[in-house]
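Below, each chain spelled out in residue letters.
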Amino acid sequence: MEGKNKEKKFIDDVREAIDWTVKRLERTILFGIRFVIPNRIVSPHGFLGMLTFITFIILGVTGALLMFYYRPTLTQAYDTVKMINDEVDFGVVIRNIHYHASNLMIFLAIYHLFYQLFSSRYKIRNEVIWVTGVILGTLTIIEAYIGYDLILNERAVLAINIGAALTYSTPVIGPILADVVIGSGFNDLIIRIYTLHVLIFPMIMILLFTLHFPRNLVFDPGMVGILVGGLFVTSALYPVPIGLKYQPTQPLHITVPEWYINPLYALLRTGIDKFVAGVLLPALFIFMFMIVPFVDRSKGMKLRDRPVALGIGISGIIQSIVTTVWGFYVDPDELKGFNERLEIDPILFFGVLVLINVVSFGGAYLYSKYSKPSRPVRTSPAKISIDDNLLNSIVIAMVIVEVFVIGLSLIKYLMGDLQFGMLATGLSLIIFGFISYAVRLASGR
Amino acid sequence: MVDRRTVIKSLFIASGLACLAPFFPMGKFLTPESQTSFPRQKVGNIEDIPVGGQLFVVYPKTGDPAKDTDPFRQFVIIRLSENELYAYSRVCIHLWCLVDYKNDKNLIECPCHGSQYDPKSGFAVAGPASKQPNRYLPILKIEVDENGDIYAIGIEGEIGYGR
Numbered sequence: 001m002e003g004k005n006k007e008k009k010f011i012d013d014v015r016e017a018i019d020w021t022v023k024r025l026e027r028t029i030l031f032g033i034r035f036v037i038p039n040r041i042v043s044p045h046g047f048l049g050m051l052t053f054i055t056f057i058i059l060g061v062t063g064a065l066l067m068f069y070y071r072p073t074l075t076q077a078y079d080t081v082k083m084i085n086d087e088v089d090f091g092v093v094i095r096n097i098h099y100h101a102s103n104l105m106i107f108l109a110i111y112h113l114f115y116q117l118f119s120s121r122y123k124i125r126n127e128v129i130w131v132t133g134v135i136l137g138t139l140t141i142i143e144a145y146i147g148y149d150l151i152l153n154e155r156a157v158l159a160i161n162i163g164a165a166l167t168y169s170t171p172v173i174g175p176i177l178a179d180v181v182i183g184s185g186f187n188d189l190i191i192r193i194y195t196l197h198v199l200i201f202p203m204i205m206i207l208l209f210t211l212h213f214p215r216n217l218v219f220d221p222g223m224v225g226i227l228v229g230g231l232f233v234t235s236a237l238y239p240v241p242i243g244l245k246y247q248p249t250q251p252l253h254i255t256v257p258e259w260y261i262n263p264l265y266a267l268l269r270t271g272i273d274k275f276v277a278g279v280l281l282p283a284l285f286i287f288m289f290m291i292v293p294f295v296d297r298s299k300g301m302k303l304r305d306r307p308v309a310l311g312i313g314i315s316g317i318i319q320s321i322v323t324t325v326w327g328f329y330v331d332p333d334e335l336k337g338f339n340e341r342l343e344i345d346p347i348l349f350f351g352v353l354v355l356i357n358v359v360s361f362g363g364a365y366l367y368s369k370y371s372k373p374s375r376p377v378r379t380s381p382a383k384i385s386i387d388d389n390l391l392n393s394i395v396i397a398m399v400i401v402e403v404f405v406i407g408l409s410l411i412k413y414l415m416g417d418l419q420f421g422m423l424a425t426g427l428s429l430i431i432f433g434f435i436s437y438a439v440r441l442a443s444g445r
Numbered sequence: 001m002v003d004r005r006t007v008i009k010s011l012f013i014a015s016g017l018a019c020l021a022p023f024f025p026m027g028k029f030l031t032p033e034s035q036t037s038f039p040r041q042k043v044g045n046i047e048d049i050p051v052g053g054q055l056f057v058v059y060p061k062t063g064d065p066a067k068d069t070d071p072f073r074q075f076v077i078i079r080l081s082e083n084e085l086y087a088y089s090r091v092c093i094h095l096w097c098l099v100d101y102k103n104d105k106n107l108i109e110c111p112c113h114g115s116q117y118d119p120k121s122g123f124a125v126a127g128p129a130s131k132q133p134n135r136y137l138p139i140l141k142i143e144v145d146e147n148g149d150i151y152a153i154g155i156e157g158e159i160g161y162g163r
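Order-wise, the sequence lines are chains A and B. Going by my numbering, the residue at position 73 of the first sequence is 73; the numbering climbs one at a time, nothing skipped. Going by my numbering, the residue at position 121 of the second sequence is 121; the numbering climbs one at a time, nothing skipped.
Check before you lean on any hint, since a few could be wrong.
Straight-line C-alpha distance at most 30 Å; calculated DSS-like pairs for lysine-lysine [what the hints assert, rightly or not]:
1) B:K105 <-> A:K336
2) B:K61 <-> B:K42
3) A:K245 <-> B:K61
4) B:K61 <-> A:K82
5) A:K336 <-> B:K102
6) B:K131 <-> A:K245
7) B:K42 <-> B:K141
8) A:K336 <-> B:K131
9) A:K245 <-> B:K102
10) A:K336 <-> B:K120
In case anyone wonders, no lab produced these hints; they're calculated from the structure. As the structure is a prediction and not an experimental result, all values here were calculated from the model.
Bound conformation, chain B alone (with noise of 0.2 Å):
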């Protein structure tokens, strides 16, 4: 049998924890949307980029010169054929430098460790990047309207994941 007072006072505790609730859905602060979600922007035209050329974006663009200048905010597209568009984070998977495409080799590679990368996949072929659990470069979502403005929309994959 529990008795009286026992029951006020679980009532007392358990109103106290409830009052913690409203608490948790503050946590988005340290995660704010701003950094979990995506804007569609215009990054370039298509025509911008010879075949077998790259070009260098950045994305989220904010204006704010010491954010776009951040490593993670790079990206190169490669357009491999006619309508052949492909788009990578630049931060190599092993110690973070930026990759670019080369047109001679058709690889993509990076000038620090000659990680190689495949232009199609993302997937590093060669070098110390080749040796991580997570082999694939981060993939930048874009979309050609018909003009051939090109829209970044999104990331998929996580950008400096470290070796």
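Only chain A is shown next, with the shape it has when bound in the complex (with noise of 0.2 Å):
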């Protein structure tokens, strides 16, 4: 009985500290954003931008690690990535953590983008939120061009090649910031390009996320748990290649860009003027997205209420998946030159461009001329119907299996067998995740 009152009377006492401190954070900046911790299982649709957000962090810490190690000069770059890959306890999970998180943020941004568009979220007053949004995306891609320049491989070096033609054919202020990134050769360019990746392109970023973010936040642990374990799993089933070192004497092999600057590379090698295939029309493609609040003044919220706003973003997703499919194409016929393999017809190609634009803006007024308003259905949230007592026992279960993945994975770390260990590391985190979920589902009763 005394033993119970004491016990008590702690937690008072715990609790008097927190609620202390939670009145004095009251008055500095972070209550000014308003962290929801959702109780029900919610859809991550909501929060899409909390994900990438967490993703950014992710790259942060990654990143900043790999710094310890990483020598931005021309004769040490590569080396020292091979030896963050090769040598350093560990240097490979957080390389390949580094690796497909940028992956993932970009895939993620795109993703919200898409879904703001359709569920029409840049109305309400959100239009500064719209527009930042559009930059911070464009912002994120080029980061991560930046980045893996930095390694110096083969497929950098193609990658930098590009963006220096690409910023030389601009006029007035190509050749001036050409002066000021490439400066007089490699040694200059590397350190440089690093500068903007680990400095400047964050700060720039962290900045706009005070003129991106809502009020008001939603924070999911499981979401972020199978997002974490995920990255891990991908990360020990594909590991990134390290590539071939740049040695200006041997012969270059044709390497495609990373994804997500392969519609770029598509439509440089249709051969037509370099300054309109790699910035003008890409910046147009941008900026198509970024007036969407601006050209779409409908009161409606539904897409047939919207015809402009459809037809920009079935467009935008058919555009995007088939230039970067487009750029992934090399003709495999070995016996013709560099050049002959890598040309794309411009005719064809700016053809299925504009048939794409055609269809899809055709197609969305059409949609919204022709397609009944439908009635609105009353949908009562989807019930899984779980007895109590064995939901309860599937949380035990789950927790059981976690405790022994994590064992696994520690096993295998000290086993040295990282492949392995990264897995069970992912598996654990995404066993979390659902645990998290079920919790919520017995609560939520």
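Quick one: dock chain against chain with the hints and give me the complex.
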């Protein structure tokens, strides 16, 4: 009896201390933002932006760790990446997470954009949030592009080569920018793009976050567990190759760039003017998204009320996919020359793009004109009916499995099997995510 | 009629903006003199190059091996006849491999994708480099004094223009 009282008192003390701290924190900027941890199961579509931001944080942490060993010089860049990958303990883990997180962040940002576009979230005074979001997405892609240049393998140098050509071909500011970024050669270039990658771009992005984040943010630990776990599993199953070192006297192989700049690569391979293909058209594409809230002034929130936004969304998705896939295609005939294998017929290419736009906007227009307004259907949230006792048993079983997988992961790390260890780490995080959902299901009753 | 308040306010804003002017020349920090101007440096002697031969030189040479191995600092001097010297950047305008002079073909050739350049002008005549909008190899400006010493004095053209 006395023991129970004592315990209660201790808990009260803790509560008081937390309360005291929260009251003080309310005076800080932190509480300008409201974090909501959902107590029900909610669709991740509502907080894709938060997931993108969490991936940004993961990139920041892993990137900072990589900075401990990476050296941005012509002679050392590739070798230090190789050393991180092959020699530094857990270096391969950090590098793989950093790489896969960069892909994930871009994917989530694009997914986030299209979800917000189709659900008309850019309305209701969200124009600034929308525009800064489009800018942030663009910066994310440029940041990732600069990042993979830092390795100075063949793929990096091919990408730097294209970047340099685009910079030089831009009128007026291009040559100045080239002087600033490239300097007098590779040694200047590598340290300058390094500074851009690790400091300047992230700083600009963090500043823009203040103009992009809404006041209410959803933080879902379960989904975060699944996300980070997924990163570990992907890193274990698809370790990123380090590539061949760039050596100026050895032939470079045909290497396609990373998927997110493949549309640009496809555009350049049509052989039309570089500035138009590599700068103007992509800028136009981004601009098309930026102006959505200003061209779509319709009052309705439904897709059929918004043919312009619907057209931009559909043509945006199809064009992105088609140009990305096209950028990957290289004529397999090795007897042909380097340029002949890469050439894309401009008439065919731009013909297809025009066709996609005609079909998308036409389809959107026809849809909005001829589709009948559907009667609002009252839907009740889907109920998963699981017996309480069963649910409790499931949670306990999952915790046991999680502990087992964590143990397996630790043992594998001790044995030096990093790949298997990463897989187990990822699985344990995913199981944690599911436990979190199961607990929520139980407490939601 | 502009009232006094507006005038004073405008003056205040204008004076604030004027303070930004001194910061513009500081942009030079990003493209320093050492990067845009070229020293006069001895790179070799004409006797080092046989007629029909070539000499690889580093310019501007710094003594720092990390900088001196930069492809953008690699140049080739070709001696076509007794007093006929041509000097170019070795960075191929296609994909930045290092080119060299092939005596038997009388052409500058890239080992990577077979681009070929005319040794007298640096103009790309064949291969992927000939498909570029800018087809000239950047030129290394050289002078030869009475002792036959070759001095590099500057670079003409943009190295690493990209494809």
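Taking the hints in turn, this is what the structure says about them:
At roughly 22 Å between alpha-carbon atoms, B:K105 and A:K336 fall within 30 Å of each other, so this suggested pair holds. Taking the CA atoms of B:K61 and B:K42, the gap is about 10 Å. The hint holds against a cut of 30 Å. About 24 Å separates the Cα atoms of A:K245 and B:K61, which keeps this hinted pair within 30 Å; it holds. With a C-alpha separation of about 29 Å, the suggested pair B:K61 and A:K82 falls inside the 30 Å cut-off, and the hint holds.
For the hint linking A:K336 to B:K102, the alpha-carbon distance of about 23 Å falls within 30 Å, and the restraint holds. Our distance criterion of 30 Å between C-alpha atoms is met by B:K131 and A:K245, whose separation comes to about 26 Å. Between B:K42 and B:K141, the direct Cα distance comes to roughly 12 Å. Compliance with the 30 Å bound is thereby established for this hinted pair. Taken as a hint, the A:K336 and B:K131 pair is honoured in the structure, with Cα atoms around 15 Å apart against an allowance of 30 Å.
A threshold of 30 Å between alpha carbons decides the hint, and for A:K245 with B:K102 the separation of about 26 Å falls inside it, so the pair holds. The hinted pair formed by A:K336 and B:K120 meets the criterion: a straight-line CA distance of about 29 Å does not exceed 30 Å.
The earlier numbered hints are all upheld by this structure, with none contradicted.
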